[in-house]
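Line by line, the protein sequences give chains A and B.
Residue numbering for the first sequence is 1 to 233, as defined by full-length UniProt numbering.
Residue numbering for the second sequence is 1 to 520, as defined by full-length UniProt numbering.
Since the hints were derived computationally from the structure, they do not count as laboratory data.
There's no promise every hint is true.
List of simulated lysine to any residue pairs, SDA-like, C-alpha gap at most 20 angstroms [what the hints assert, rightly or not]:
{"#": "1", "chain 1": "A", "residue 1": "K213", "chain 2": "B", "residue 2": "D465"}
{"#": "2", "chain 1": "B", "residue 1": "K409", "chain 2": "A", "residue 2": "Q104"}
{"#": "3", "chain 1": "B", "residue 1": "K438", "chain 2": "B", "residue 2": "T426"}
{"#": "4", "chain 1": "B", "residue 1": "K416", "chain 2": "B", "residue 2": "R287"}
Here are a few chain B residues that sit away from chain A, every Cβ distance over 12 angstroms (derived from the structure) [to be verified]:
{"#": "5", "residue": "N85"}
{"#": "6", "residue": "L226"}
{"#": "7", "residue": "K409"}
{"#": "8", "residue": "D477"}
Built from N, CA and C at the ideal position, the CB exists for glycine as well.
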Amino acid sequence: MGRERETPKEQQQVSYTVEQLVAVNPYNPDILPDLENYVNEQVSLQTYSLDANLCLLRLYQFEPERMSTQIVARILVKALMAMPAPDFSLCLFLIPERVQMEEQFKTLIVLSHYLETGRFRQFWDEAAKSRHIVEAVPGFEQAIQAYAIHVLSLTYQKIPRPVLAEAINIEGLSLDKFLEHQAANGGWILEKGHGRGQLIVLPQNEFNHPELKKSAADSVPLEHITRIFPILG
Amino acid sequence: MATNYDYEEAPATYDEAHRQDLGYDPNFVPDSVKSLVVHLYRHIREKNVYEIHQMYEISFQTLSDRLFKDTPWPSVDAVAHFVDNDQVFCLLYREMWFRHIYARLSPTLKQRIDSWDNYCSLFQVVLHSVVNMQLPNQWLWDMVDEFVYQFQSFCQYRAKMKNKTEQEIALLRQYDQAWNVYGVLNYLQAFVEKSNIIQILEQEKEGLEQFTATDGYDYSGGSNVLKVLGYFSMVGLLRVHCLLGDYQTGLKCLLPIDISQQGVYTSVIGSHITTIYHYGFANLMLRRYVDAIREFNKMLLYIYKTKQYHQKSPQYEQILKKNEQMYALLAICLSLCPQVKLVEETVNSQLREKYGEKMARMQRYDDEAFAIYDELFSYACPKFITPSAPSFEEPLVNYNQDAYRLQLKLFLYEVKQQQLLSGVRTFLKVYSTISLGKLANYMEVDDPTLRTILLTYKHKTHAVDSEGKVISNADVDFYIDDDMIHVVESKPVKRYGDYFLRQIVKLEGVINDMDRIKLD
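Could you put together the complete structure from these sequences and hints?
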């Protein structure tokens, strides 16, 4: 399976082929190299595929001697970047305990722990100490900042500037620039707080503005209604 | 093909050897067995599904209880000539023969390997030739269920290398393909694909196919075997993936089956329970507590209402065991996500009776609480496996607990991360607004720490569903305005829409039934 004859056309569609492999023939030891290449491709092209990565971790589980800890580390970093989705835990479930005891994985687990428990200051401190792990994956910083903003948006209607700064690890002039950009494009509003500095008003959503919550609980999907059309006549 | 068993192989225990040596002649066929085999063969040829089901479910069990309490059934070679040496019947008979060994005796390594060979032969026939049979769903489910069970059992057995005899090790080395994880997964996958079951279910939604309406049976002269095996294999795949710790993929395999509706999976109680148990467990590990609670609730209510009808069934014990395990899982889910309003009255009172005290202690989040989470998880979790081949290097170790220990560790890790949330909940229930400073004081932490706790609360109570959407499962919610916390109580909403839809369909069914009655 995979690429027996590589015509120029097929060569262009490598990642498409990998997704197909995962969907159609996932329990196949021969696709392991394709999946490993795909991880590297996700890293360099800043794309992401949980299914393909889980497939690879499963194959590593079936044949531990073929496991590449470097690839596994990259998968975990990509999973961290997918937060708030629980992808990081899903990957850990498939990685043997003795591998998780290795230094680089211990660090990644600590980083995940900080993010899961909203300890952004500790996270950025630890990440700074582990540059070699996190800088190997482009887009890491932005992804974590997006997650931080996500959690803050669930929680705050108005957030003090220092709290935001600590969460996204941007300060001073860079932060000013960032805030200006968000105010112009992201619907953020910058206010003057009572004597304590800037207050940032985050965009309204159903989680920080409960009155916006649509009563979705009682809506019935159209599919279910179509089932009684014959009865209603 | 190898014989059913071999006296020269090292048996599971000395007692087994003794018992198998004495008082058991594999070639002796009692009249009742001859009669059963002959009739069953005839019913299968005549596609009389009802009779097949009676013999399979009742007669086979009765004879097992009466004549074969602790011995194997007669060998397939001894009965083959009663059934025209029919290849398929012999494979089916052998499958039941091995199932009996696993249920009542202890399989030897050679028997485990031979059983694998039998499954391979049987599955090859179904997948690659035209099988013109209709078998009861119960039987087809049992085959898939047993196949996965024997795989799980083999992995557990293989992982205990410490006391293996030299003969056993030699056999393991020689037959390294037996119960190979690739083989198991690929057979299940092959059934799903070859049967085209996913497309059939899709087309059924548009009225272009009939499958669920006929309970999977084929009333146009064909066979239900491949289709229904394909269907049940989806549940089989969910189960195998859970055993491996891959919950995401497991749920994906189940996706074509709509568990909000009745379906072929509910036609057999064993399949219904296995599906919901693993669905719920997978969602628990994915932190989708509300989904897990909903499904456990429905299933437990169903079992409560119907278990009396299964008292005489050979699956009764299993039903009860899974029932207890699901209560334990429900207790865990509700302790992590207190949404008691999602639970039916009857189920809730059963839950209080079994785990009321433990749940109170779990919500205290001290060392004792973790011990109880550990206890319940360990009791209720699937028997996780290590799928890779064993290492034959000295010293030989037992590693059969490794997979379970990892899942438990990660689960408790998640519980620990949610440690402070119940404290927050208690306070949020009491106040409508409170300043960060004041709450920090009450909780005996500083302001920055409180902010992180509140962020954790928000993150943990807002799960990401399978489509990437954020859904709140918080019973008590809040938002922060600068340094003021405003509490929001969520009101329970009754799902009238679903209720009315169900009643409409039910009434239509009753009216149709009444119309069919002809009064003389």
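Hints and how they fare:
no., hint, in the structure
1, K213/A <-> D465/B, "holds (17 angstroms)"
2, K409/B <-> Q104/A, "holds (19 angstroms)"
3, K438/B <-> T426/B, "holds (15 angstroms)"
4, K416/B <-> R287/B, "holds (14 angstroms)"
5, N85, "holds (35 angstroms)"
6, L226, "holds (19 angstroms)"
7, K409, "violated (7 angstroms)"
8, D477, "violated (6 angstroms)"
Checked against the numbered hints above, the structure breaks hints 7, 8 and satisfies the rest.
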